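So the sequence lines, in the order shown, correspond to chains G and D. Per our numbering, the very first residue in the first sequence carries number 53; after that it's consecutive. Per our numbering, the very first residue in the second sequence carries number 53; after that it's consecutive.
These are calculated hints, taken from the structure and not from any lab test. Since this is a predicted model, take the numbers as computed values, not measurements. Treat the hints loosely; a few may be bogus.
In this list, chains with the same sequence are indistinguishable; a pair is considered to hold if it fits within one copy or across any two.
Below, computed lysine to any residue pairings styled on SDA-like, alpha-carbon distance capped at 25 Å [claimed, not checked]:
hint, residue 1, residue 2
1, Lys276, Val96
2, Lys233, Asp155
3, Lys108, Arg288
4, Lys72, Ala257
5, Lys282, Leu186
6, Lys108, Met76
7, Lys281, Leu150
Number of protein chains: 2
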Amino acid sequence: MVQSGDDLATSISEALTAEKIKIMDGDVIVVSQKVISKAEGLLVDISTIKPSTKAKLLSKRTRKDSRLIELILRDSPQLIRADRKALIVRRKNGSICLNAGVDKSNVKGRNIYSRLPADADDTADELRLGLEELSGCRLGVIIGDTYSRPFRVGQAEFAIGVSGIEPVIDYRGLKDLYGYKLRFKSVALADEIAAAAELVIGQGAERIPVAIIRGLTRLNPSDKHGLSKKLLLGRRIDLFKDMI
Amino acid sequence: MVQSGDDLATSISEALTAEKIKIMDGDVIVVSQKVISKAEGLLVDISTIKPSTKAKLLSKRTRKDSRLIELILRDSPQLIRADRKALIVRRKNGSICLNAGVDKSNVKGRNIYSRLPADADDTADELRLGLEELSGCRLGVIIGDTYSRPFRVGQAEFAIGVSGIEPVIDYRGLKDLYGYKLRFKSVALADEIAAAAELVIGQGAERIPVAIIRGLTRLNPSDKHGLSKKLLLGRRIDLFKDMI
């Protein structure tokens with residue numbers, strides 16, 4: 053169980069040693085958002101929050117606790133939908149999600165909710181550098197979070213923080229099996245890696261917060277910062293704009 | 053290379069034997085849509101197609117070949133977006149996708165395009181029964197296809213055909229680590245399995261059309277037909293309706 057202030061690189065390294073698992077060059081380490089939020093001390097007791105007038109108003113509209121709304125608003129520059137069915141916002145990094153990712157599951161205490169890391173790419177960078185130093189290997193790190201999606205039933209894991217690898221592979225201009233030049237294809241590899249990891253990590257009760265993805269041949273290393281932003285599609289160019 | 057009329061269960065079994073891989077109980081076999089379309093003879097030479105007036109009209113609007121449009125319309129009861137940027141439709145099964153899934157990549161011949169299977173769940177059922185008979189094991193089969201998504205850059209693999217396993221795990225009413233009852237969580241396991249398989253299968257040039265997902269502990273067996281429909285969210289209850 054991860055506590056506030058824990059150094060996750062050290063905790064993960066120790067857990068791997070205990071399990072006799074050795075990190076290898078090219079491994080992608082996927083970590084569930086919830087343990088990141090716990091390690092970064094992002095659990096909030098909403099009974100300590102004084103809701104604003106706006107939060108109180110939205111509380112009536114959404115039938116959610118006004119203190120919870122206040123907490124959500126702190127992470128949400130833009131409100132997109134607020135009614136009895138859903139509170140959907142755009143977070144500072146541009147991602148669109150339910151309740152700004154503020155979440156009750158697997159958090160101890162009746163009034164305690166977890167917030168998302170302020171910048172999950174920074175968190176991923178720090179964790180990668182720590183794990184690379186401890187292991188001597190070149191790694192990728194992905195922070196995964198569970199998202200509801202348009203069109204599809206059920207939630208799926210997306211990459212909300214990425215470090216060390218390009219999150220998208222662009223196939224445009226490359227040739228297919230028969231020499232036909234691909235015009236549209238690009239693959240959200242980081243989201244697929246996060247989804248693959250969720251198969252092992254599960255939704256909490258399994259107590260597995262970390263998965264290692266090994267043997268991927270399609271990884272493109274990157275030392276850039278803010279890589280998860282490459283996965284966010286601007287509204288202007290979203291083909292599904294106004295379509296749902 | 054799969055040809056029209058090939059029995060995929062037999063082809064896959066033979067390939068596994070050649071690779072000395074033994075199928076096991078609980079394995080999920082993920083097959084790429086493209087080989088399904090090839091085996092089912094769903095490659096169409098658009099130079100044999102006479103476009104309708106509607107197709108010709110849409111051709112001007114979208115700047116796509118009117119014969120290609122005609123082919124797309126055959127699989128599309130509902131047109132959702134048609135302009136220079138995208139042709140988005142709803143297919144008979146209710147799924148919303150670009151170009152009705154009609155696709156040029158990894159198909160031989162300048163004018164040859166592949167259509168999606170008419171009912172990918174039927175295809176998955178048939179393949180599962182064939183593979184179960186040949187292997188003596190209880191299996192799951194998923195047919196994966198690459199989808200563009202709202203909000204996110206890059207495409208990701210979704211499950212368009214499912215047989216033998218429940219595609220969604222519903223956690224609602226179950227308890228988390230601390231006994232808190234989960235109210236919203238359900239996981240689109242079949243989509244995550246398809247995404248995990250894409251990491252291995254790739255986009256064609258790798259010539260790997262099949263992946264085996266083994267050791268999943270969260271599978272719920274099902275003998276129902278039409279399982280992929282459980283992944284399709286009706287517009288009425290889509291939380292992101294009108295939001296993009």
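Hints not upheld, ascending by number:
1, 3, 5 and 6
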